[in-house]
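**Student:** Sequence:
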Amino acid sequence: MDLEKQPQKPVVPAEPGAGIRASDADRDRIADILRDALAEGRLDAEEHAERIDAAYRAKTVGELEPLVQDLPAAQQRGGSGAYAYGPEAPAGPAENLIAVFSSSVRKGRWRVGRRTNAFSLFGSIEIDLTEALFEQRLTVINATSIFGSVEVRVPENISLRGSGTGFFGNFEVLTLESADPEAPVVVVNGYAVFGNVEAKPKRGRRVSDLHDRLRKHFR
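For reference, each letter of the sequence shown is one residue, going 1 to 219 in the UniProt record's numbering.
Because the hints were derived from the structure by calculation, they are not lab data. In this text, all values refer to a predicted model and were calculated from it rather than measured experimentally. Incorrect hints may have been included.
Stated by the list, open to error - Derived Cβ-Cβ restraints for the label pairs, each shown as a range:
1. 177 - 136: 14 to 24 angstroms
2. 73 - 111: 17 to 27 angstroms
3. 181 - 133: 34 to 44 angstroms
4. 203 - 60: 45 to 55 angstroms
5. 47 - 111: 27 to 37 angstroms
6. 107 - 72: 31 to 41 angstroms
7. 19 - 203: 49 to 59 angstroms
8. 177 - 72: 20 to 30 angstroms
9. 108 - 70: 35 to 45 angstroms
What the hints assert, rightly or not - Cut-off 20 angstroms, straight-line C-alpha distance, at most; resulting in silico cross-link-like pairs (EDC-like, lysine to aspartate or glutamate):
10. 107 - 70
11. 200 - 126
12. 59 - 40
13. 107 - 151
14. 200 - 46
15. 107 - 46
16. 59 - 131
17. 59 - 128
18. 59 - 151
19. 107 - 156
Ideal Cβ placement from N, Cα and C applies to all residues, glycine included.
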């Protein structure tokens, strides 16, 4: 008696380009989609922080795709593959501020990039955004303090959000939500180990005196 043949499962081809090593441009393009989702309220600050961290840890474009597959912007950029929106218009590199047994200060009129990494080890870092030029809506600051301090100061009427942890230290972000839909959004993520990370507004400094410059430089 012939044995009944069992149906075979169809072979699903791998997503084209899924195994290709991700470039900085690929990661930054995914970060752009996540930035827009945060600004639109599709992601909260905690979800955004988790996905941003995963994006910059991703090794291949296949690892990037799940981070945005539930967001409409990914579909609008042409297909489900993360590789599709990687190669075009790469963003600039992150600015790195490092203080090891020293201090680092960023203040005055300067152009703020999409990402700033601040690392303090037995040192202090001050990031003052009250006179800065924002060329994008969302700015992400990744702050790490180990036996040191990272202080971020922003204008009073922008949106300020953050997510982080203090291990025998202090991680504090004073959340702000601007009434102006075009106001910059600053997100501070990170952790403090026997140290301090603090982000809050600088009293008396408001976006209003920078508003014309912001409108001119936003793209």
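**Student:** Which constraints among the numbered hints does this structure fail? Numbers only, ascending.
**Tutor:** 3, 10, 12, 15, 16, 17, 18
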